[in-house]
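Chains A and B, in that order, are what the protein sequence lines are.
Residue numbers are given in the working numbering: position 342 of the first sequence equals residue 342, and the series is strictly consecutive.
Residue numbers are given in the working numbering: position 527 of the second sequence equals residue 527, and the series is strictly consecutive.
No wet-lab data here; the hints were simulated from the structure.
C-beta: ideal position from N, C-alpha, C; glycine also.
Each hint should be verified, as a subset may be incorrect.
A few chain B residues that don't get close to chain A, going by computed Cβ distances all over 12 Å [claimed, not checked]:
{"no.": "1", "residue": "Y113"}
{"no.": "2", "residue": "A187"}
{"no.": "3", "residue": "A193"}
Derived, one-sided and incomplete: chain A residues facing chain B with beta-carbon distance under 8 Å [to be verified]:
{"no.": "4", "residue": "F45"}
{"no.": "5", "residue": "F106"}
{"no.": "6", "residue": "F333"}
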Amino acid sequence: MVQTLARREMSLEAPRTTTTAAVRTQGAIGAGISIREVVKRYGAFVAADRISLDIEPGEFITLLGPSGSGKTTLLNLLAGFQSLDGGQILVDGRPIQNVPVHRRGFGMVFQSYALFPNMTVAQNVGFPMRMARIDRETTDRRVAETLEMMRLSDHAGKLPAQMSGGQQQRVAIARAIVMRPRVVLMDEPLSALDRRLRESIQIELRELHQAIGSTILFVTHDQSEALTMSDRIAVMDAGHIVQVARPAEIYRRPQSRFVAGFVGESNLIDAQVLGRNGRVLTLRTPGGHVFEAESRHGVSADSATVLIRPERIAIHAAPAPATLPATVTSALFLGEVLRIEVVLDDGQRLLIRCPDIAGRDLPEVGTQVHVGWGAADSWVLS
Amino acid sequence: MSDATLAASRTPLAQRLKSPVLLLVPAVLFLAVIYLLPLIDLFRVSMSGPTWSTHFERVFSVPLYWESLIRTMQIAFTVACLCALLGYPTALLIHRTRGIAQILIATAVVLPYFIAILIRTYAWMVLLGRNGPINKLLQTLGLIDTPLALLFNRGSVLLGMTAVLLPLMVLSIYASVARLDTSLTRAALASGAGPLAVFWRVLLPLTLPGIGAGFLLVFVAGLGFFITPTLLGGPGDQMFAMHITQQADSITGEGFLQALAVVLLVITLVVVGIAGRIMGFEFIWGGGKLGDGKPRPVATAARVQAPRRGFGMVLADLLGWPLLRLMGLLSAGWGRWTVRIMGGAVIVALVVPIIVVMVISFSKASYLTFPPPAWSLRWYEKFFSDSNWMNAFRNSLLIALLSATISVSLGATAAMGIVRSNIRYKSALMLLLVSPMIVPPVVLGLSLYALFLKLGLVGTYLGLAAAHAIGGIPIVVVIVAASLQAVDQRLEQGAAVHGASPLTVFRTVTLPAIAPGLAAAVFFAFLHSFDELVLSLFLSSPRMKTLPLMLWADINYQLNPVLAVVSTLEVLLVVGGIILARPVLTRGKPA
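Just chain B, with the same shape it has in the complex (with noise of 0.2 Å):
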């Protein structure tokens, strides 16, 4: 070791990396001042009123409010349930497939996943539009004479939702099913069990909590879900997060608002509180335990074994063992083909709008028509002349670009705070870390909205792009951490062994080994970014506008192919990304 090395290893530099919990503190700080305290303010707000409760009494005594509460959370729990049924055999599909194909159906279910959600709704407008290929194809084969009617009904917006939240839980499942070592299967089946009972006794209860927290991602994303049901959906499929942007828009009494955003919050809150006590609040993002220190495998093994036949098992053998021999009877391969043919068609409805609106993309008519009637680029010379979409696109990549900074520098330090720190509350810790992922985007819009008016940073890049970063610091640090903790360290502890300052141990050592990690993070937080609609339209200004801003206007105005092109960049951006983040992406997914 040079004499150099050994002075840096006596800086406070050293000192500092030596306790790690300091880098955990600008992240924390950050979200404290720009996410923690404008919710604490909103509550303070929604208690205004005369007394501290009028407000919310007129959320639950006004008819429209609270018939939408309850069917908000209808929607939301059926896209929930639709989503399972779905998506377990899509993720059995991918496990069982080897090879290409397992690539191409794991490709075709993740892609969708990276695209914004504002474009996979327009996708299915298209597709679902009086012009569209449904419509046309059901015509061509004289099924229909007139188009039907197939959107702005609640059919529209279940099937929406559930397309673009399948996505989130098939991952989900899938990465309970992968986990899951495949001798367990050859044990049951050696041990005399058919098919049916590897299925329900083995198979299924083992990847519950997959399908538990999918379940419970989906159901809170559905809760607070405002893009999709507003595109989608008729005049009686109102949900509760699209009162509040709506209220925003014509300036109601101060406090009412606050009170219904606080009541979305809450009711969020209050479910992913339960379901955290029931299986962990891992499932928020989809990871392991961090280590804590603690042995957590007896505990959690003591938990489960007290109920020896629970009322779950109980519940199994009585009505659905009896339910499963029955279908039981059915002829052989039936279940083979029954994951084939609900996995195909899965695939078929993430995969197929996309297609479609790339395809439109490159028509030659002015109005949305499938097929085109005939090719051309104009749409994309339109895009690329008209000053107001350059303009929302520059500002979308400097925002993203900004964000992703913001993301990186805070959430990275702060995974390597979660990581290597041994202070105690680390579960606590990362849960304040990820939590912007579970909070409806209208409440945080809502509740930032206060802030950034006093702030001046309305309609700013710096605002949006710190707004964003509140959302992209949680896909770092998942993300970030989960490269660490596949960091062997006994590599570490082998190159300080042999003389490497601990700044050379992370430069030669942990740098290289998560840096396909922190590069999916950077794609990631920039797309986050790129693709955020719902802050930035509470918080952007008229003359400041993003692209998902512009896409937003355009979709209610007018519904013209320029969309498609923007939809097909953001594809090809998105497709790039992925091969870009593949090593990671293969490695664990993040996702």
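In isolation and in its complexed conformation, chain A is listed as follows (with noise of 0.2 Å):
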């Protein structure tokens, strides 16, 4: 970029060499990062709104939403590629918006990859350090490691060009990690690979964050891969953070009608509340239907939203206590678990999953069964 020819005339070496690359070499700690009202807006289109968010040093939290959600804008505001409309970004403390994006000593591994075409995977991945003017020697020996750490010693010579599309992108892993860096920015780094490869880069990527113990944020759209990989997950929608927990928390108690059908499959039953006994609540579906649901916040309206997972249901053949009479609509076999829609002689469709387990035989369609949950497996929206 010649635009940027231009360089500060603030020095560069005193701080980038004494503090951040030793601390670094030494083996870092992942930065504590304090996301404070940020807004950025293109024009009357407002992609993040206020956002606050504190990520703790060393997690691994991931931003999920759908697309335009916000997620690549904040994750572009905290790389510095954009600038913010308000709010503040601290790192470890510090202010970090006016530090420009190559002096914030992050790593980053882009979807595209981003490889330099022209240089070796060595050299590619021993780019930062090049960049850090650490001497050729301790670069040499930290990209040899790195390399080691991500399988990729005996690719060192290749170009970009002559790998496949996982070994690219555990180069591109390979470059943000060198370093050692306190935080380290993912953007959807694994949606363009096919789903065998991105399971087991799931797993490297969870085992190489406790190695190197970076403060990791991830970008996706894909709620599998949250749910696999994070310690917490910041869910987004609509240019907020909806809810932030840790994925069994976001998957079993949703705040939102929007997370719980963002992640995982879900059955949303509206029904009328008949009365509160601690935190169970007994419900009434429109169709009459009376079942109880646990709830850990006060419900105060007289109506509500239950939130149960398909594979809570369990599906009876004959009537069983507490159980609600339905037609098999729909049966599939998708090997572990079988796939089975059921209606309520209310009309209320019901999504069921349940294992492939012995002497389970898949219902035929129109089939009458019993299907049931108990409190514990369902969850009421606020």
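Both chains are sitting in their own frames, so use the hints and assemble them into the complex.
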């Protein structure tokens, strides 16, 4: 970039080589990030609307959301590719909005890999070290170490074009972590890979995170990826963070219809609240079926939306206590699970997933069955 | 499928369509007869002295010639350097700007590219003349008392040639800049590379092929340059191609003239050959590799990989990088402003001469002066009422139409043959088809002259149209081949699966998809012939003049505003054409 031939007059070597590089080579600890009331607008469109998020040092946090939800914008603001229209971002307590991209000292992995096509794998991975003017010996040693870690040692002399997509992405990851940066940003790094490869790199990334201890901010629109890898997930929608929690919490206790629908498959039942006994609510469906559901928070309204995950619904051939009669409308064999759709006699449709265990047959469409769930299997949305 | 189409699919036509190689035959035959044979004959005649080397010895022993040869190479090299230096910031500027500004800047670069060299050189003569805008401005500002002699020296030759060839360089560099993945820059920044390092380690190395291609195209074009140095240079700025035309005027002994041409041709071919070995011959037509069926990336990669830390890299590390770091100490924003100011200056230099000429065409004065003392349409009246101009205009129009017809019918079929066949030596064939782009027009003109004398084609419409088609075919092949490659073959397969015969597939799927490309090809082939001067100088007769020939004669004898009128009309023609061809230009620069 010629436009950037310009370099600030403030010295560049002093802070860089003494603080950052030295700390990093000692085996760094992730930095804490504090995003405060961050705003980013594109014309009239608000891509980030007063977003606040605190990320613990060394945490693996995933920004999850549909496209256009603002997750990539937030990542770009953190990386410094875009400037803030409001708010503050602090890294280890220091504001970074005036620090140029190349002095933020982050590692970053791109969706398109963004490997320099004119450099070998080793040169690509060594690039950040070279930019930090670390001596050749240290660089070579660290590059070799990192390539070893990513199981790329045999490919050091290759050019990116000679490698497969999965290998290229591992090189990109190696480049992002070679400096053992305090923060690594990952922008949908696995979305261009096929499923099998994606799953194996997910596990690799998780182990890598434990090994290097950097704070990792991972952006994805793939909910299963988010659930597999993250310490915490921040679900985003329309420029807001709608829920931040551990994966199990997000899945089991989503706070909104949006989160329930976006993460995993869900059955949502709108019901009338009949009574309350401690944490257990008694509810009635529009069709008159009465059931119980658990709620952590007070429900003041007299109607509520109840989430029941498909795998929490039990399916019986014969009537049993606390079950509802239903008719099978579709039944699919998916391998380890059966996916069955039923409709209650009041028209409420339910999706059920049950494991493929011995003695269980795929019910035929039109069969009468009985479905049921316990109070602890359901969750009342606020 | 009806019986009729079923029957049609059994005709030999369908068979022929199944072997697209045959589509190459007409163009190859045409070029063999009218292009390759005359060049071979040129070599034969050049060696027809007492011994084969007699004429060549004279070329290299008479100081007039070999000094001019050295000068030609110096000038071409300097111009190529200047173009690279000025073209890079301009290409970056186009890449960096957005929206309407980008369209305007790109147009300012592309538009001059399609205007005749003769007219752009004329515009510089106007601009730099004794009564031209620059002298007038300096006098008004009180900086000088008497007009400066800005014309007819080495400086004006370099300036004129650089201005004329700059669009070629900008387009070449822009193509390589635009291809870059923007996340590469981001990746470098995120890896801790400062703006300077991003430029030096990532942007520059990756756009080097574009710079190299542009540099060679400009250098090779500069070697054979004739119009601009003749009009803008002084006696000390004789370029090699000028000797060939001058000698052609005063017929010297048969053979020596051809030897001069052969020397120029061989130098050109050697330069192109070496460059082609290093970076692939694709640089000539600015396109990607044609699908040869061979996996190329691995091969290239292996070649690139071998010199791990080549001489260039060591040099870049030891010399370039420290230098750049010194520059980095300059104040912030310096780099951005360099791009803006240099790019801006280039665009002004490309556009202003054209505007000045257009303004002068409405002048009332009977000599060139700027600003015009009064306005009138008298020069337009003169142009449209003068039977000489009108005849020349009609001649040019007819020849250009005829030439465009030949170029497009032969070139488009050849492009089909190249893209859709799987023959071996595809690259060699493509090279043959586009090679007329790099042969100096002077050499081509001289070689054709002998053939045309024999066949009695000198001064005929068909002869000139055919000669112009030699340069028109490569233009058509490049544009149509690019459009064809962009056609998704799955669409064609889809149509065929659902029952369309090959001919129907072509008519309903392929043709609509390449139609914009074909239209552009027609226009540019037309324009190529309409603007052609050098071949016409050799091949026309006094009774049959084309518009460029009339312009050429007038520029040499009297610089009057009628020339400005013709130039203005040509600019309008090109603007109209570009507006028509815009869909193609925006899709993928064929130029």
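Okay, the hints, checked on the actual structure:
1. Y113: holds (23 Å)
2. A187: At roughly 4 Å from the nearest Cβ of chain A, B/A187 sits no farther out than 12 Å, so the non-interface label is violated.
3. A193: Contrary to the label, B/A193 does not stay out of reach of chain A, its closest Cβ about 5 Å off (not over 12 Å).
4. F45: Violated: closest Cβ of chain B sits about 17 Å from A/F45, beyond 8 Å.
5. F106: holds (6 Å)
6. F333: violated (32 Å)
When each numbered hint is compared with the structure, violations occur for hints 2, 3, 4, 6.
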